[in-house]
Amino acid sequence: GEARQVRRQQRDEFGELLLRIRGLPAALPALPLELTVIYNSLLFTVRASDSAIKGEAEGIRQGLLRVLEACGACGQHLGTEELWQKVLQEVTVEELQAPLHRLGALQAAWWLAAGRLGSVAGLFELLSTAEEPGRSHCSEGQNKLLSLIKAWRVPPEGASLPLVQSAKDLKEILCTAAAFLQGLQELEAGNFPTALSLLQEAAGGFCSKKILAQIYTCLGCCAQRMGKPQTALQHLKRALQVDFQCLPALSHAAAVYHELGETDVELQALTLLYEALGKNPPAAASSSSCFPMRTELLVHTPVLTSLLRHQHPSEVKYLLAQRCLQDGRVADAVEHYLDFLSLLQEGLQQQVPLDGSSALPRIPEVFLEAASALEQAGRHQDAIAVCEEVIRRTADLVPRVLRVEERLEQPECSSPGAELAGGLLSQKKESLCCLAWRAAGYLHQGWAWAKLGESKEAVTQFSRCLSDLLRLQLHGSGVKPTENLQAEVEVLQKIRLLSLIGRGMQFLELGRHKEALLDFQHSLQISPGDPAAASYLVQTLWKLNRKQEAAAQWQKLSQSSPGEDGQQGRPLPLYLVLCLEQAMFPHSEPLARSIQDYLGTAAQDTSR
Amino acid sequence: MLLSEQDQLLSYNGEVLVFQLSNPKPAEEADDKTMNLCVRRMAFNRDTKLFVQKSSGLLSMRASHSKIEMVCCSCTTDSRTGIILPCVLMKKKKRNNIKYFVLLLHSSNQFEQSFYFKLDYELKEDIRLFAGPSVLWRHTNKLFYISSNTCVVQSAPVQLSSVVWTGEIVGEGTVVLGIRTACLPETEDADGCSVSDRAIWGSEFFGYAIQTQKMLTGTCFMPHAYSRVVSSVHICKSERWKKQLRISLVAITHKKQLIWFQSGVPKGVCDLPYEKPCSVNPAVTSSNDLLFVVSFASGNSCVVQRRDCLQVASKWQKVKCVLVDDFIGSGSEQLLLLFKDDSNTDVLSTFKITDLGEVNYASGINYKHDVPAAEGLQENGLLTVRALETRLQAGWTSVRELQQHLGLQKRVILESCRALIDLVEERTHVLPNAKEEGLVSLWDDVENPPHSLSKETSLASEVPEHCTEELWQRVVGDSLVVGVKLTESFYLSLSDVSLSLVMDQDFSSISPIIKCQSKIIKLNKAFSSLAVSSSQIEPPPKKIKLDLHSKNDVRKEFPKRSSRIQLDGAKTVTAVTSLSPLLAFHRVCCVVLLHASKQNHQNESLQQSKKITVLCGKILLSLEDISNGRYSVKMLRDNSHCTGSVEDMLAVLAVSVRFSFQIVSSDCTLTRVSSWLQGEMECTPFEECQDNIFCHKAGDVHGTIFNWTLKNPFEGLLTIFCRNLTVLFQCLHSLTRVLPPSCRVKLLRSGSKAVLTEQLALALEKEMLTWKNSLFLKETKAENSLTWGNESGKKINNAPLASLLDTEEGVQQFRKNLQNEREESVRSMNQAINGALYQKMALKIAEAQLSSDMTVWRLS
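Protein chains in written order, with the numbering used here: chain A, 1 to 608; chain B, 1001 to 1860.
For reference, chain B alone in the conformation it holds in the complex (with noise of 0.2 angstroms):
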């Protein structure tokens, strides 16, 4: 029994129905002619593994002059009984007149003729057989329907271009899905079909709902969008909830997708394996999931599983069908899957029965399939699950082990530091207040490096003349800037400088001193140059490391680095005053004074350290000048550069709230911050001093000015002057975004930190040498003191300290030597010493102290 390509196959309680037309007497004349349709009820047996036939039917047709076929089977209910029943649509073409009618499959094998209709042209497109049973077509973008119940052909009043689906929807009966250009009523707003949707693709869904002749809104099923994609719709679950209807349904598109949407909104979506889907049939399996058979055009058919997510869980190629049924009566669903075998075309003979799971039976072995590691993916999951299980337990109890062993740790150390404590305190129990005096004697070997500094500056000071180079004034806002640029040896000369205006005119009623901040702004005219040096010159070989025994490198290095911290560019002092106030006198006209304590290096005590007060000279105000923009600050943009004179600069910084942040970034390279400087704020550089950079950004930041210096590749200093705090958060907020997310932002309370630690090392150095200067004073000292602290000097210089300590001979030299310096210096502290003279050292080393915790403080 060969199966040809007209036969139909349907699967029904489990069984396979074989439709087969034939013409039992081929050799007799055609006017004559019956045509028989057989079928065949096949089963299952599990046994031996094979289809076997339970019984057989037979309905012979008289077919003078005209054509039988069958036209599609499906499995309706018959509205009489209620009863679901195979059902066969026949044709029957005698010249242009074609009947149609359709047959109904009794359990005993009997044919019954349900009905039938005419038409003079062949049915076509979209042909479904459903309750009723019924048969709809669509012919010339109409839609027509026939019932056993009517009889009668019956079209809708739609125009439409394709049938996706058709089926029963709670409460609307039988309702055709279907696919139609769009209408567009001219006011829509409602019903989530977007305006966009419809200019850009031009077709819709609807719905239509034969029993009652009404049409349903497509968007309840999937958005207008896919309309011209969809090829074939299933729809899983339909239900009304508050009157609305909710549905669930899978659809297959040309696009090679399979989508899953619920009430209208896609929420999966898997790819195909293969081009042109053309069907999509549900199957309940053992391991209760939903398994979607998709076949194609080709004759491929794939399935799609639904867990987590949509996954293609097989495919097979040259499918001639594929039935879903609980074929081997196990309960749930199977697939049945026969091959087109172009050797064997037994029918039945080459099938497989799967479900994806347990159950795989398969027969011959011509038959194709694609995926072999997807077939044993119930078994390799279960290996897998079984193999991680170990490991989780291996993890589990390595975990376990490891924490034991931490606990193991931390009680060693527990106990080393319970060891240690003991230790040390045992040992300062033999060795009280030893530690003390062996302290202070190992300083002595500095040599009174201070002394040269000290000289070095103290020269400079001596010329009082000329120590104003420059006085100047520019408004800023609301405020008057008043400069003096001091000359820079004058300056070194200097501290607490502050500048003060007082009116040159006698007005009795009102103070003559004007309120004013002063502020000392210093300019680096250097650049500041990160780069790598230059390419092309190599360098000498690196020096060899300083070493701070030997005296001579002390001095060379000592006032080198002391210079770098001071002379590196002109300071010039400012005052800052409200400026209206001074306007109500319209013509004004003041003396500006530079205070400042000038310094005795020579000697050291700070009570001779002297104030003075300098006059730089006077300004004039008067209102005409300001309306005239004469004292205005004028800064523009000239290509990449910033025009504006240093005083400009000056006072833009000196009426600005400065604010410093250490940017440090853990990993990446900071480029980032001058590129927002220089492309979203648009930022030019000033021509006198290139490392501060002028915002020309309109709006609030415009006037802000900016100074960023790279310490290293991933640490830099950004400085920002700005008028107002909402300013600075204008410039933070939008540098954030510039920022790498790993970057740290600190804001520094005052200077940077490079040069507050230099300042610290200075302050402790000082502080040091205070104290031994105080130490050895030359009214305390016994005329041999000076030898032997030079000789204690001398002994550490000759011998360095690390060679001394690698051997025990040296340790003990070293002890030795450290035995004798206690003693001397024991004998220096028992030494008398006058009050007043007391009362100075105490006095300079409490100074020397504060400034030191004042750095201290600045620097945390």
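Okay, chain A solo, but in the shape it has when bound (with noise of 0.2 angstroms):
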């Protein structure tokens, strides 16, 4: 508002001096006002903008040609950092000293904002060496900007000349800055002890809340990744002490408990995210009245970004319900699938963030979670309905028929047409993926309906669900699937295995035993080996009264189960873990007792 208005005008009207200035020839005597109007009208800018400093700083280097102009000397054709050169190694009048100094402090600033620490580095290596030639700094172990920045003498301030803000302000913002900036450096690059230590240091500079709960957070991080959970938790409470609005603290908090297994206190921290999420931060007051350079505006990596990316409250609800689900609080889980569905309903495009960096998985599956979740609660008219919804969306967009082929199999890099095979990939793991929650839908559907006792109405969902998965075709049955797709492949071959033990066992319950055997063995050539659809054909065996053939079956089985127990390859989708737990196959016991009763017998008969 006023403040903004006051600012721009005293930026304007010290661009306006420095114009009159500028439009004299370059002379000694003046030179020390006009690079002191450089300074502060530098500040200015800085400060009417309030925004993260970027490019070079034209001002400056205009100040430095001038120097040269009133030395008679000439460097238009030079760069920045070999201008500085040139006039610090040039240039030894007194009176200018000070206020190069200060002005190089500045550039340092502007360098520091680009990333240029190289640039940092070398100008304030001149800027010592002007001062006292010979002195050697950069002591055993500490970084060698940061003791370079320190090392340098802050030229004192001259009561004839006012600045905007001091140069030994600049000098705690600039250490503060490249400490920070060389932290995030080095944890990206994996130096965690050493980006530790660096970020120790800037969290002991001078700073604002902002950036100190910032520091605090990277520090969190980076303890974290160095396997220290209990230290990072320890930085990220600071940091939320520090400034509660630094959410982004908050929920690498909820993923260090995550990887501690502590789900209470995850999940208290996620919800507090989300209440914390839905209030609307209060305005940030005085933060930019006070100084015009700030270690904000120098501090701008992508990493700090990616680190400090602000969670939208619709993926924090989805977390809690994921995590939820995983943990088997299916009352809270399904709770927050429909306060996130709700969500979905006020808008897509507002409520989900849609850059990729996003926690969330794709919608249809968020659904096929919820219906899980419902399931689980014993709401399963709700979780058709829910399922339906999906099925209804996907219905069109899948093809008749679905070809996975060999050619695809090894995209040629160098072809021209491999970012027209790579477009077709993409649209073909498109396909399989809309293929999969159709199918799952339907899958979801059927075992809900076995739930509520209507076998028939599951055996017509569980059909519809092999039905659509013969859509998919795939080129020669022994080959494997490409590596790009082949994670949708095998769900897709999870599903139609799940969906045949389904029909199979509401067969069974109908009494259609046959059918029944068909299904199973059908789910064994899918999936051999698999405990569950093993177990349910030895059974149907049973029933039939083919009773050699299911000990021989069980005999088989239980040879072979112990080993290929554990899930082996990538594990499931979350939304399919339910319906494998429901397919497990819950009479081992007295089937194996029948069985063993049966070999004794038989056995007995033999050697009798």
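It is possible that some hints are incorrect.
Here are the computed lysine-lysine pairs in the BS3-like style, where the Cα-Cα straight-line distance is at most 30 angstroms [unchecked claim]:
(1) B:Lys1746 x B:Lys1611
(2) A:Lys279 x B:Lys1054
(3) B:Lys1099 x B:Lys1320
(4) B:Lys1118 x B:Lys1093
(5) A:Lys210 x B:Lys1746
(6) B:Lys1772 x B:Lys1840
(7) A:Lys171 x B:Lys1746
(8) A:Lys209 x B:Lys1711
(9) A:Lys150 x A:Lys209
(10) A:Lys237 x B:Lys1746
(11) B:Lys1840 x B:Lys1598
(12) A:Lys171 x B:Lys1711
(13) B:Lys1410 x B:Lys1054
(14) B:Lys1711 x A:Lys237
(15) A:Lys209 x B:Lys1746
(16) B:Lys1697 x A:Lys171
(17) B:Lys1267 x B:Lys1256
(18) A:Lys86 x B:Lys1256
(19) B:Lys1256 x A:Lys54
(20) A:Lys237 x A:Lys279
(21) A:Lys86 x B:Lys1522
The set of hints was computed from the structure by calculation and includes no laboratory data. Quick caveat, the model's predicted, so the values are computed rather than measured.
With the hints as a guide, bring both chains together as one complex.
In structure tokens:
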């Protein structure tokens, strides 16, 4: 508002003053004043824009050229770094040293903001040697840039030429920013101990609350990556103590708790985060009014932005739901999923961040997870409704026939068609995903109907699922699908397996044992050695009174089962986990006993 | 009709005059050739939007063996009639003899030769035509002029390097503004021409009035500093005010700037878009803007507009010339831009008439226009204003809506308040004085922790011997400091500790007791460490939150907390007294006595604490020792530390005035304070006690001791021990320049906030316990009271409050419990008590309340 207006006016007036000064030929007696005006003018510009510093400080360059002009030298063709070198080495006028040094600090700020740490170090080397040559700095183990900045002696402030912000201030800000920036670089490079010490250095420096909280957050992330969750938590807590608006710290804390397996605390943290995100942050009051140059204007690297990514409320809500579901807190999970779905109702664009860094899976998967949660909570009708939504939405997205061919297996990178093939591939992948969601929708519906005791309806749904899955045509049964599509194809196969088992179970329920037998045999073809399918097969054979075959199958199963129990390969999508549990064979104990009895009697028979 | 390079264009009365020199018979011999000077008057037709020729004139000149050229043309006043006429300066070169003549063009298209002059050199530099008509030029740093009146070439008595302007100045007639090398009179002080300017730039402006042949001072035009850069000037206004010449002008400089000066002071600057500006002309357009047309050597032009500030309004490239006149007859001036065009050189075929406002005529399509955006400046501005107006209105409406909404909210809040008050009143009506009793009984569940505390601490107080460790004395300034170091255990059993000095000798006339001030100084030997805990060690998982209801934890936690306040360092009692009265005795021996009241913790009553006096030792003072500096404080700087005994420091602390400041920064970290202490104040920490740092800065502040502890990065406590208030103010003054502006500095009356808060908590606790104890005194209790007291405590312990209140049954049960307790306490209250006991109880309660009130006061 008004303050902004005033700042803009200050900037303009300083710009005008500078323009007037530059209208005259450069002269040594006037240069200290001119350089000081440049210094102040740049700071006023920073203050008026109040956003991160970018680009080059043209004013500084012009100032240096004026210095050279006054000394009768020329440097128009030189780069700014060479210009600094020339000026600092050749201009020895005593009165110019202090203003030049101050301007140097500003230049360093601009270079720091641009990430040109080497240039900054070079400049400070020049500044220090200009002052007292032959002084050796950079003790062992200390950061070179930091010690260079610290070794720089701030020129004393003259009473006659007031400064908007003292050079001492700048030095402190530069120190903090340099430590922070380098810490972030090391963090990115994976040198955690170095990053930690640099960030700690930054945390001890002069900075604002906001920045301090950010530094602590980064410290927390660093400690977490070093495998020190407790230290990480301490740092994150400090970040929140300093500035509660630093919500990324809270989400990182939730992640640490997740890592530690403390689900209660993790859920608490997520809940708190969700609440905090819902509240509007208090207007940042006087933060910007204090100083023109601040650390936050200098540090803006992609690493920091990714570390400090503000999570969207919907993401947090989803995380809550997902964690509850994974942890078996079904009632809470249902609640959260329904909340999330109603958030979606309010508008997809506003509620869901569509950038790549989002923690959200694809929306149909969320629907299926919600259905899964509803089913676990016993709300089968609701689950069916949710699945219906998925099925309806994906109806037009799945092609009649979906061929996964060998040709896609090795996309030749060099060929001109590679890009086209890549596009084709992603399209294919998308279709596979849609097919998986649709099939999973039917699968869930089948199980839900089964739970409701409507076996016929369940069989219908399972059959729909299976017929949809027939759209997928794998090129040659033995051939492994392409690397890129393997995950999707595996999921589809799993769905087919679960669907077959489910339908078989329903057939058993209906007393149609032969059809059941067929389904279980099919499922064993898809996934040889699957314990659930094998067990059901045994049971069906038993019921059909084909006891010998049953016993043979059972023996085969009991021999192979212990080794292949664990889930190999990729973990299943969350929405299939429930189905997998439901497909488990429940009566293995009595079946085993009866078969063993049978085998015993058979053995007796033969021995006799 | 083609326009050649030698042709001259002039605007006159809204018409464009085209002067062309031609050889009508090129085939003829050179001997007898004539040259024709042809003029054509072109006027702009608004309907066809083209220039049409209105009339023309011709002058034939014999040019045998000579070369005739046009030098320049201009509109000048004919001094005979006072009419402004177009005027052309011609040159006729015949071997080494060069004849110049000036032609006037009358409205009848007749040329008239005004005068001529002959020179043996060619006119090249700074040729100007001006009123008379007169001609002015510069040749080898000299200024020459000739007018129709005199017809004699005259020279001005100045050496000059260039002429930047020629024209009329009020009261001075025709004035030439030029630049010359600075000629410095030795004693120059006045006229605002600073010595430094001359020293640096070495050239200056001068004005020369031609009629009066007098020099004008250059400073009323521009500062001399600009003389090196100005290439051309236009004087907008000149007036006499109190005999002072006041001039407003614009100048263009080699530094690519247009600068507007008023009375010699730069008022506005504007950067020009191209290099080497060569001339500047004004134009007054319909929107009453003053425009300056700047031409550049490169053939470019730009227009600078003066509104709030100077700004480039438009610019063009490849411009042949820019004329300013009222070409369309609208009553204000426009710019006529003629572009250099190789393909189409027909005169006035490619042109543009504009006033940068509503008027815009252009011919052809070949002209170059650099900034299409600026073309629609006016239009865009209008649209923007309209849009802004709409937005303003929308904003205004939404503000109104917001106000209404706020009003509504206010009413709702008021309503709610009223409802709440009603509700509250109703409830108090329903449930009178029920709360009070409920509260009392709720407190009961605390298990007497103070008993355990008192037991532990009282053990130590059993040892009356070895109560003092050390006795010392120091002289600081005019004061004598006597210190007694107490053993820790002994100190803990004492309260109200003080020292007194009693003279050993018997001076009958004066009282042996020396007036002195006692202080207790605590030293923290531990380092204050706020730093982030060492990064290498992973701390154990956080402890489970302390459950207040479990007895064990309370017991464990309690002694720890109290010990943190009291057991953290050596205590020294000091006495400070004025030294000089003692020195009057030359040699004096004093007995040092320690007074204290010894507390008896087993019986909480204050009556039983007894006053004790302990003899600590004797001190001997002699003038000789003091002169030798035996007792003086020696603080030296040793690298980064301050050497000096603890006693020295204690002595300084004892004589200093102590001020504590709480420094809170709302936004920035407080690293400045420590850098200020170590940098500007040149402080170093004591070797023995790192918390306290000693100021070595020369001057008044030397010897001041600071203590800086950070509570968190944004809040800290600065304690200053200084000799007097002046020093304090000096320190604070220096500090405020360092602190960020958002910092708040608050003077704490006594003690640090944290310690006081803790004290308050303890005092309140004590008060509460006193209450509780007096309510359940053994003497008043019925035999069963003890049991029910514990029972009720247990009940609440068993069921944590929060979980109880979650369900309705829980609340019911809680209510029932409360009811029971209330009844029980009523029963216990009804018991009789004897008078003496009651008195004692009342006293104790009053004392406890007093102490907590005191702490509250000190905190506020």
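Status of each hint after checking the structure:
{"no.": "1", "hint": "B:Lys1746 x B:Lys1611", "in the structure": "38 angstroms, violated"}
{"no.": "2", "hint": "A:Lys279 x B:Lys1054", "in the structure": "79 angstroms, violated"}
{"no.": "3", "hint": "B:Lys1099 x B:Lys1320", "in the structure": "28 angstroms, holds"}
{"no.": "4", "hint": "B:Lys1118 x B:Lys1093", "in the structure": "10 angstroms, holds"}
{"no.": "5", "hint": "A:Lys210 x B:Lys1746", "in the structure": "24 angstroms, holds"}
{"no.": "6", "hint": "B:Lys1772 x B:Lys1840", "in the structure": "14 angstroms, holds"}
{"no.": "7", "hint": "A:Lys171 x B:Lys1746", "in the structure": "28 angstroms, holds"}
{"no.": "8", "hint": "A:Lys209 x B:Lys1711", "in the structure": "15 angstroms, holds"}
{"no.": "9", "hint": "A:Lys150 x A:Lys209", "in the structure": "22 angstroms, holds"}
{"no.": "10", "hint": "A:Lys237 x B:Lys1746", "in the structure": "28 angstroms, holds"}
{"no.": "11", "hint": "B:Lys1840 x B:Lys1598", "in the structure": "20 angstroms, holds"}
{"no.": "12", "hint": "A:Lys171 x B:Lys1711", "in the structure": "25 angstroms, holds"}
{"no.": "13", "hint": "B:Lys1410 x B:Lys1054", "in the structure": "79 angstroms, violated"}
{"no.": "14", "hint": "B:Lys1711 x A:Lys237", "in the structure": "16 angstroms, holds"}
{"no.": "15", "hint": "A:Lys209 x B:Lys1746", "in the structure": "20 angstroms, holds"}
{"no.": "16", "hint": "B:Lys1697 x A:Lys171", "in the structure": "23 angstroms, holds"}
{"no.": "17", "hint": "B:Lys1267 x B:Lys1256", "in the structure": "17 angstroms, holds"}
{"no.": "18", "hint": "A:Lys86 x B:Lys1256", "in the structure": "26 angstroms, holds"}
{"no.": "19", "hint": "B:Lys1256 x A:Lys54", "in the structure": "27 angstroms, holds"}
{"no.": "20", "hint": "A:Lys237 x A:Lys279", "in the structure": "20 angstroms, holds"}
{"no.": "21", "hint": "A:Lys86 x B:Lys1522", "in the structure": "58 angstroms, violated"}
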